[in-house]
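J.: Sequence:
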Amino acid sequence: MKLSLIIPCYNEEKTLRGIVERVLELRKDWLELELVIVDDCSKDASWNVAQELKKQYPEIKLARHEVNQGKGAALRTGFLEATGDFVGVQDADMEYNPEDFLVMLEPLMSGKADVVYGSRYLRPEARRVLYFWHTWMNKTLTTCSNMFTNLDITDMETCYKLFRREIIQKIAPRLKENRFGFEPEVTAYVAEEKCRVYECAIHYNPRSYEEGKKIGWKDGMRALYCILHYGACNAPVPMQLLLYLFIGGTAALANLISFAVCLHCQMPMFYAVIGSYVLSAVVNYLLCILILFRHNACWNTFGELAAYTVTLVVMGFLDYFITVGLIGIGTWVLASKAIASILGFFGNYLLRKYFVFFLRRKS
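Letter by letter, the sequence shown follows residues 209 to 571 in this note's numbering.
Mixed in with the good hints there might be a few duds.
To be verified - DSS-like cross-link-like pairs, simulated, lysine-lysine; straight-line CA separation at most 27 angstroms:
no.: 1; residue 1: Lys-210; residue 2: Lys-262
no.: 2; residue 1: Lys-402; residue 2: Lys-251
no.: 3; residue 1: Lys-236; residue 2: Lys-210
no.: 4; residue 1: Lys-320; residue 2: Lys-263
no.: 5; residue 1: Lys-236; residue 2: Lys-251
no.: 6; residue 1: Lys-347; residue 2: Lys-384
no.: 7; residue 1: Lys-269; residue 2: Lys-236
no.: 8; residue 1: Lys-262; residue 2: Lys-320
no.: 9; residue 1: Lys-320; residue 2: Lys-378
no.: 10; residue 1: Lys-320; residue 2: Lys-347
no.: 11; residue 1: Lys-251; residue 2: Lys-384
no.: 12; residue 1: Lys-222; residue 2: Lys-263
no.: 13; residue 1: Lys-251; residue 2: Lys-210
no.: 14; residue 1: Lys-210; residue 2: Lys-320
no.: 15; residue 1: Lys-347; residue 2: Lys-236
no.: 16; residue 1: Lys-236; residue 2: Lys-263
no.: 17; residue 1: Lys-210; residue 2: Lys-378
no.: 18; residue 1: Lys-262; residue 2: Lys-236
no.: 19; residue 1: Lys-210; residue 2: Lys-426
To be verified - Now the in silico label distances, taken between C-beta atoms and shown as ranges:
no.: 20; residue 1: Gln-264; residue 2: Pro-446; range: 32 to 38 angstroms
no.: 21; residue 1: Tyr-528; residue 2: Glu-374; range: 28 to 34 angstroms
no.: 22; residue 1: Lys-210; residue 2: Pro-381; range: 33 to 39 angstroms
no.: 23; residue 1: Glu-374; residue 2: His-503; range: 51 to 57 angstroms
no.: 24; residue 1: Asn-256; residue 2: Pro-446; range: 49 to 55 angstroms
Don't read these hints as lab results, they were simulated from the structure.
For clarity, every value in this text was computed on a predicted model and none was experimentally measured.
Idealized CB from N, CA, C, for every residue including glycine.
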């Protein structure tokens with residue numbers, strides 16, 4: 209059996225040799241190793257260290273980016289180079305213990321799992337205490353990710369992830385995040401592919417920012433966006449409805465503000481109504497593809513815009529006829545409009561989900 213480990217490396221000259229030699233201690237009669245070191249245009253001597261290691265150990269393969277792109281980009285490069293039965297991620301620092309891979313391999317080798325995450329939070333043990341807010345951010349992001357993927361994992365942000373090679377090489381060409389947004393992005397695709405996911409407890413010895421830790425609060429904000437952008441399209445309907453309520457509310461606010469501005473500028477009523485409606489429709493569309501539905505999921509861009517325009521026209525007519533019809537049978541005017549608006553909310557959501565942004569399942 210062959211295990212490929214991808215080692216993304218950026219300015220890790222002090223720890224690269226040490227972690228590679230620790231990983232190579234995993235070699236067994238039954239376990240062949242392949243280490244793919246991807247240097248992400250390091251500014252220090254990391255590339256020289258990697259070349260020396262390759263000369264020394266035949267298990268090592270090298271790849272290098274001519275421009276710094278980030279951890280996610282380095283992993284994409286490495287995943288497509290891997291040839292092992294199983295493919296995992298190993299950071300180039302010394303925070304994780306490679307011996308934990310032997311435990312993580314068991315669910316894969318026994319055929320119970322397609323993907324295994326190594327969790328830093330599964331069991332209490334002696335550990336180095338560092339940053340409360342960093343840990344809180346990790347756990348919060350994991351909870352948010354679970355809400356949208358419907359997985360029950362305890363550590364989405366963990367470095368240690370193991371995949372069946374056919375799974376990760378199917379997902380890798382679709383990955384877009386170049387930095388630490390990789391973690392929620394790949395988790396969203398793992399959930400979308402209906403993979404069998406297991407977790408194993410692992411050891412963790414975090415380093416401080418003074419010792420070279422790179423992830424920061426900006427990466428946390430990006431991760432939150434990625435959870436929405438990549439996970440919301442497959443989220444349970446109640447979660448999607450909450451997001452669409454936010455989208456619809458924001459679009460309605462844009463409609464109201466732009467209408468007021470148009471009137472203040474003494475624009476004719478007809479043009480004020482049409483202009484503010486068009487603006488709100490644009491806001492709604494942009495928010496849909498940014499945080500709820502997947503852009504070009506069913507159509508190319510032109511087809512998607514055409515489909516979206518059709519839904520605007522259809523729902524506009526329905527809103528008008530429902531409102532007028534209810535008023536015609538004696539319903540209070542504001543109540544008639546409220547009922548039409550509520551029905552329009554659900555109608556718009558359903559048309560966007562199952563027509564405009566219908567997610568075709570890839571075979």
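J.: Which earlier hints can't be squared with this structure?
T.: 2, 4, 5, 8, 13, 15, 19, 20, 21, 22 and 23
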